[in-house]
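Visitor: Each chain is listed here by its residues.
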Amino acid sequence: MGVEVFAISTDSRFSHKIWQEEELSKMVEGGVPFPLLSDAGGRVGSIYGVYDEEAGVDIRGRFLIDPDFNIRSMEVMTPEVGRNVAELIRQVKAFQHVRATGEVTPAGWQPGKATLKPGPELAGKVWKVWKPEQAF
Amino acid sequence: MSEKPEGCVKPTQGPIQSAPETSDASPVVAKEVSMIQARVGKPAPDFELSAFFNGGFKNIRLGDYKGKWIVICFYPGDFTFV
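Here the protein sequences come in this chain order: A and B.
Residues 466 to 601 in the working numbering are what the first sequence spells out, letter by letter.
Residues 198 to 279 in the working numbering are what the second sequence spells out, letter by letter.
The shape of chain A in the complex, shown without the other chains (with noise of 0.2 Å):
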């Protein structure tokens, strides 16, 4: 898929390098293979709208960026439920396709199932083509 990955909180380097070395990489063989990056002061959390001023952490903010530099998907939630990396796979394959072929992807859409294309022809016709059953 070809994607850079960072992570990003308010630690400091030196305790990403302590967290990859003393339990990441007791998780991942050689470590997590992304860059620990370092938002000291939630500055950088705070225009992303994910900085908590009262916990003084940048809570769980997930953020999609197209080869444009288009924020194209974002998910934030507080802390104490984890991410769907399956859902994240699936956002950026079905962005790629749609930047690769002008398709769009409806509801549930994974790689291989159908996809539509916009135009007065399907405009009111979708429920011809599309069953709900299709989203899952």
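Each hint should be verified, as a subset may be incorrect.
[What the hints assert, rightly or not] What follows is a set of in silico ranges between Cβ atoms, one per label pair, in the way DEER data are often shown:
hint, chain 1, residue 1, chain 2, residue 2, range
1, B, 238, A, 580, 12 to 22 Å
2, A, 566, B, 252, 35 to 45 Å
3, A, 582, B, 251, 35 to 45 Å
4, A, 597, B, 260, 23 to 33 Å
5, B, 215, A, 521, 20 to 30 Å
6, B, 253, A, 582, 42 to 52 Å
7, A, 589, B, 252, 35 to 45 Å
8, B, 253, A, 548, 20 to 30 Å
9, B, 233, A, 583, 24 to 34 Å
10, B, 233, A, 589, 14 to 24 Å
11, A, 581, B, 204, 50 to 60 Å
12, A, 582, B, 255, 37 to 47 Å
[Stated by the list, open to error] For the chain B half of the interface with chain A, some residues (derived, Cβ under 10 Å), not all of them:
hint, residue
13, 236
14, 240
15, 243
16, 245
17, 252
18, 257
19, 269
[Unchecked claim] Where chain B lies over chain A, by a calculated footprint (3+ residues, C-beta under 8 Å):
hint, region
20, 468–475
21, 480–493
22, 523–531
23, 540–546
Source of the hints: derived by calculation from the structure; they are not laboratory data.
Note that the structure is a prediction, hence the values are computed from the model and not measured.
Glycine included, every Cβ here is placed at the ideal spot set by N, Cα and C.
With chain A fixed as given, assemble chain B onto it according to the hints.
Guide: Frame of chain A, contents of chain B only:
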């Protein structure tokens, strides 16, 4: 990019604001609008932060990765549970 020797503190640019569209916009006025600039369908706010990667420290600027698909994940802290 010339990196300064590693020290206790490493300043970074943090958020990198694009130039205001009108030159007479005062910073006071700018502060009154929402700080949040991340919107779907709009350009990603650029930034530069220090990072740990591949065993070393380096500064990373998001804008250097223009032209690629990028995922950035904020998380509450190292050693947290989820």
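Visitor: Against this structure, judge whether each hint is valid.
Guide: Hint by hint, here is what the structure shows:
Our hint of 12 to 22 Å for residue 238/B and residue 580/A holds, since their Cβ atoms are close to 20 Å apart. Taken as a hint, the range 35 to 45 Å holds for the pair residue 566/A and residue 252/B, whose Cβ atoms sit roughly 40 Å apart. For residue 582/A and residue 251/B, the hinted distance range of 35 to 45 Å is satisfied, since their beta carbons lie about 44 Å from each other. Checking the proposed 23 to 33 Å range against residue 597/A and residue 260/B shows it is violated: the Cβ atoms sit about 41 Å from each other.
For residue 215/B and residue 521/A, the Cβ-Cβ distance of about 27 Å falls inside the hinted range of 20 to 30 Å, so the restraint holds. The beta-carbon spacing between residue 253/B and residue 582/A, approximately 48 Å, falls within the hinted interval of 42 to 52 Å. Taking the beta carbon of each, residue 589/A and residue 252/B are about 58 Å apart, not inside 35 to 45 Å as hinted. A hinted range of 20 to 30 Å for the beta carbons of residue 253/B and residue 548/A is consistent with their spacing of about 27 Å.
For the pair residue 233/B and residue 583/A, the beta carbons lie near 30 Å from each other, so the given range of 24 to 34 Å is met. Separated by about 37 Å at the C-beta atoms, residue 233/B and residue 589/A break the suggested range of 14 to 24 Å. Under the hint 50 to 60 Å, the C-beta atoms of residue 581/A and residue 204/B, about 55 Å apart, fit the expected range. Our hint of 37 to 47 Å for residue 582/A and residue 255/B holds, since their Cβ atoms are close to 44 Å apart.
Using the Cβ-Cβ criterion of 10 Å, the hint placing residue 236/B at the interface with chain A is satisfied: the shortest such distance is roughly 7 Å. Annotation: interface hint on residue 240/B holds; nearest CB of chain A at approximately 5 Å, less than 10 Å. Checking residue 243/B against chain A: minimum C-beta separation of about 8 Å stays under 10 Å; hint holds. At its closest, the beta carbon of residue 245/B sits 9 Å from a beta carbon of chain A; the interface hint therefore holds under the 10 Å criterion.
Because the beta carbon of residue 252/B sits about 8 Å from the nearest beta carbon in chain A, less than 10 Å, this interface hint is met. With its C-beta approaching chain A no nearer than about 6 Å, residue 257/B sits inside the 10 Å limit, and its interface hint holds. Checking residue 269/B against chain A: minimum C-beta separation of about 5 Å stays under 10 Å; hint holds. For a cut-off of 8 Å, the count of residues in the region 468–475 of chain A with a CB near a CB of chain B stands at 8, and the three-residue condition holds.
With 7 residues having a beta carbon nearer than 8 Å to a beta carbon of chain B, the region 480–493 of chain A meets the requirement of three or more and the stated coverage holds. Residues of the region 523–531 of chain A lying with their CB closer than 8 Å to a CB of chain B number 9, which satisfies the three-residue condition for coverage. With a threshold of 8 Å between beta carbons, the proposed coverage of the region 540–546 of chain A by chain B holds, since 3 of its residues qualify and at least three are required.
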